[in-house]
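Undergrad: Going down the list, the protein sequences come from chains C and B.
If you count by my numbering, then the first sequence holds residues 1 to 471, one letter each, in order.
If you count by my numbering, then the second sequence holds residues 472 to 942, one letter each, in order.
Possibly wrong hints are sitting among the right ones.
Claimed, not checked - Distance ranges between label pairs, derived from CB positions:
| hint | chain 1 | residue 1 | chain 2 | residue 2 | range |
| --- | --- | --- | --- | --- | --- |
| 1 | B | L888 | C | E14 | 28 to 36 Å |
| 2 | C | V8 | B | P675 | 47 to 55 Å |
| 3 | C | E14 | B | D729 | 14 to 22 Å |
In case anyone wonders, no lab produced these hints; they're calculated from the structure.
Built from N, CA and C at the ideal position, the CB exists for glycine as well.
Chain by chain, the residues run as shown.
There are 2 protein chains.
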Amino acid sequence: MPEGHDAVKFLLRENDIPTAWYNIVPDLPFDLDPPLHPRTLQPLGPEDLLPLFPMALIEQEVSRAPAVDVPGRVLDLYRQYRPAPLFRARRLEQVLNTPARIYYKYEGLSPVGSHKANTSIAQAYYNHCEGVRRLATETGAGQWGSALAMACAMFGLECSVYMVRVSYDQKPYRKAMMRVYGADVTPSPSPKTAAGRAILASDPESPGSLGIAISEAVEDAVAHEDTKYSLGSVLNHVLLHQTVIGLEAQMQMEMAGDRPDVLVGCVGGGSNFAGLAFPFLKPALAAARRRHSGTAQRAGQSTPQGPRVIAVEPTACPTLTRGTFGYDYGDTACLAPVAKMYTLGHGFVPAGIHAGGLRYHGAAPILSALVRHGFVEARAVRQLEVFESAVTFARSEGILPAPESAHAVRVAVDLALEARETGASPAILFGLSGHGHFDLGAYESYFAGQLKDYDHPQAEIDRALASLPKA
Amino acid sequence: MPEGHDAVKFLLRENDIPTAWYNIVPDLPFDLDPPLHPRTLQPLGPEDLLPLFPMALIEQEVSRAPAVDVPGRVLDLYRQYRPAPLFRARRLEQVLNTPARIYYKYEGLSPVGSHKANTSIAQAYYNHCEGVRRLATETGAGQWGSALAMACAMFGLECSVYMVRVSYDQKPYRKAMMRVYGADVTPSPSPKTAAGRAILASDPESPGSLGIAISEAVEDAVAHEDTKYSLGSVLNHVLLHQTVIGLEAQMQMEMAGDRPDVLVGCVGGGSNFAGLAFPFLKPALAAARRRHSGTAQRAGQSTPQGPRVIAVEPTACPTLTRGTFGYDYGDTACLAPVAKMYTLGHGFVPAGIHAGGLRYHGAAPILSALVRHGFVEARAVRQLEVFESAVTFARSEGILPAPESAHAVRVAVDLALEARETGASPAILFGLSGHGHFDLGAYESYFAGQLKDYDHPQAEIDRALASLPKA
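Bound conformation, chain C alone (with noise of 0.2 Å):
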């Protein structure tokens, strides 16, 4: 490899961590479709949240308010290992011989190696400031667990972690991770809950899914007076805190002298996502706003419109691609908020074949409304592509990113590979959230052979759709 292209770190100083979340609400130039009460339909107040949520997360949920200050607390546990670094892949460009200018934002140095933990030291916070002794959550290959677990051991709560069964058997590691961090961690579907019997009468030897985890976790907060719930993704208030990797980067892209023309994140509930498009969004939903208000440009301004923005999921789960733009069930036993969503269908369960993460069924509604109203675009990929481009990221960048994280990896890297037929020179940007090194195993496999392409069956997608709720 020639000399002086090695990849170059945008760093932040400390002091330069957002002292504010950037609430997207208030700017969306859209209403967006209450969240409705799963028994009743009807649209949920906060009352109806408070079994679930401290009070301080409910008003985060609902706010209007174009910024919510960061907790100093909260702070002080980000400053552990915020600001994340914001590289120039220049290593990439050079193996991939493209004119494209590659960026991106890492979330990997966190204690728990992804961007889970600006979330669940935000969510663990609020809950011990209003006396909350215990949370509830669910985890599918514990991703989310781990960073709950380890933030609830930050604040002194006790961690109730219901993990999907067939993870829970066959990912021993992520287990003993919550449980080094103190977390109570249940094989889900299980005999503890009401959801959990359910599907085990049916079929006890279900391999469980997200969404029967959530169902479980709801019915554990509602059932324990100390206990409240806590959601890893899709909600607003989550978005909300995730919205200081956006922040940063668009500090470290002014620091790097350049804008992006292209924005790329993953998305599995989408806050990840969201977390880094959502500040850059600002000025195409400004654009959007003056139009719809009919505010007339003068002549000859030009408008910042921002970059493309692109929305990247998996084949085996294309919630954003094919599913429905729709009112839906966050859990499998319909005891979560019912949402307006992208969704396959509260029932539907990714294929075991699939290795890659982001397997739920729904998405982010604030995400999905942007999708709907084309400020996003959405597009799947297949596994042996991603697997292919993550290790194509390893050998040049040095870091091993993970299955989930290799989503946005491939798309930024048929980007950079189409940018050299156009000639165009446009910079991207994307989001690697989180390392690899829990993931091992899937790379194994993919070494190995054992993983194939998956495009879910049309035929079962229709199934799950059908059940969507009458709203």
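With chain C's structure known, arrange chain B on it following the hints.
TA: Leaving out everything else, chain B in the frame of chain C:
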């Protein structure tokens, strides 16, 4: 947990990455015994090392310069993950209710999760500059193999890793990581080398050992014109590269307005320990040189002696605390250079029950001599207390330590608890050399009650020591 007692991070700016490594050799108040040729047992000349190492590293191995410049490209790659943070462990102090001030220098943010990248990058660079096409090395659990594989990918070198068979079979994940970086991984002992074949002939089921894997890698390098050998610890130039750790830590302790009274690091071969400790040993070494040369101190002038320095090893591989200080081979097959060091005998193999790494039979010659001359204390700790402290640390500081690094955590905790008894308030600085995200299997065994404390039987150590060369 009360407010306002979170960890405090001392983060240098990028420009503060040391641009020269610190060479302790000219500061030593004693002479080092020369390494010997494994066949002749005569002092080694640089020409004897040429089949194994590029000239730049041979020069560093014997250098008496007080400092060695870090090449620009190595600095560029260091900048991807350095400066590494130094933390004040306020929450740990609170949990321990100690008057001690506890600091730790954290090396787990490198792309491979440990300090090993500090030397793998430098070694790959120098080999690349001298036209080497391929590097051969050994690895135990895979930490060093991953680090060298990553660095080779950065410089376009091939990488051949001999991995101790028991780890190869039981830890497929690290193998997958090396493969992501493009390395070729062979279980050792292997039929590829004469050394491997000899072992297999006498024991076809041999689980392998670091000593055997070193023999194979050395033989591979000698047998191939385009291949050199690379070692991840022990050698002078490896320790030299790691001094970026201590040089940064010195600046950071100054930022903290504090000075360490005690310094603690874990020891396998000794490179992470040396990297942190050597820069802090300067005043003690200078004072000893003055005593040696009879330079009088003026009355009333106090000499800064620097901190007390403690090297920590497992009781399962007690090189510094129960080994002999003498000449021994670096490997099992007696192909590697013979060095004067603390050793348990080159045939020593730690018991399988030991889960915490740090399994090498010897220790770095410079470190060994410092222990021998009383500049460094050595302590051995048992694995159950090590894992116990690792869990305490993770729950208070958020970072999950590698089991190796947790040996240092244990002694830091012990010192902090002692301080509570004595009422002293020392500043304790320890090295946290890597994260434990790869080592969750060991934590799982710990929680499952499968780990036992293990003091290696004296008879076996005596037997292994009987194999020392008569130099």
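Undergrad: Please go over all the hints and tell whether each is borne out by the structure.
TA: These are the hints, each one checked on the structure:
{"no.": "1", "hint": "B:L888 - C:E14: 28 to 36 Å", "in the structure": "31 Å, holds"}
{"no.": "2", "hint": "C:V8 - B:P675: 47 to 55 Å", "in the structure": "51 Å, holds"}
{"no.": "3", "hint": "C:E14 - B:D729: 14 to 22 Å", "in the structure": "18 Å, holds"}
The structure agrees with every numbered hint stated previously.
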